[in-house]
Amino acid sequence: MKVIEINQFGNVDVFYESSKELPPLKAHQLLIKNYATAIDPYDVAYRQGLYGGEDKLPTVLGSSTAGIVLAIGSEVTNFAVGDRIAASPHLRSYAERLTVLEKQAAIIPDNVTFVQAAAVALGYQTGYQAVTEELDFQKGQSILVHGGSGSVGFAAIQKAKEIGASQIYATASSKGKTFLQQYDPAIHVFDYHSEDFTQMTDKVDAIVDPIGGQTQEKSLQLLKAQGKLVTTKDLTAKAESAPFDSRAFYLNSGQTLADLLTDISAGSIIVKINQSDKFNLENLKKFHTIFQEGHPLGKLVLEF
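Here the working numbering is used: the first residue of the sequence shown is 352, the next is one more, and so on.
Lysine-lysine pairs mimicking DSSO-like chemistry, simulated, CA-CA at most 30 Å apart:
no.: 1; residue 1: 629; residue 2: 454
no.: 2; residue 1: 623; residue 2: 512
no.: 3; residue 1: 512; residue 2: 584
no.: 4; residue 1: 454; residue 2: 512
no.: 5; residue 1: 637; residue 2: 623
no.: 6; residue 1: 512; residue 2: 526
no.: 7; residue 1: 584; residue 2: 623
no.: 8; residue 1: 584; residue 2: 554
no.: 9; residue 1: 623; residue 2: 490
In short, the hints are calculated from the structure, not lab data.
Kindly generate the complete structure, drawing on both the sequences and the hints.
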């Protein structure tokens, strides 16, 4: 099968086409014919050398997939050959075929496209999980979401709104602020280039932090006494010792993704797609460059 991989870290020119054979299918795995994969921040950073080690090379990047099940392992019980599924594997989706664990996968509803499903498998799922599980967000509570126009943030905002947030605050770039205010003028958005979010007059019940560092530390002063902060980054020492429920979390996958796709199918969560194009080396390089240089609003998705 054709894959696009790297054997060194660096700019987009480290990508090259290759051919690989998949190992035998394990008991709890699904073999997927890939139909779509998104450009996710994790993979852009990995290609730059921010996550991986030299001992991990060569590596096929890509952490979101949507496709059709070609085969199932001997212990798989919840999926069948021919199912349309989405998943967020740890790398490996810049490939015509790949395997994913049964617990990572979710059925794609009939009215959700492969492009939409791939677009939400990682970032949207993370933001959705932050609100529904890590924060256990409740109707009438208030929330601050950093990076509100990104995949994590936009999913978190939409789910908090659906649950019935009393007030939603967000930080974003200037173009992100415009996007969010067009989505819902009631969201109070701070342009992080020119406005200080710590000048908020109200404290909040919950904070979603995909930024970390100083942003995380400054956010602590905005939490109510019983407030919660969840982050996709490491907790700072200040956050670790703060008298609040502060925690870092990682994807559960599977059931969370299934719930998200159900909400998308029902129309309560919208998916913002910036561009989609054919999966090939040229377009993969192009989309990585677009993401790295401009952080576009909406997902970049490649179709097989």
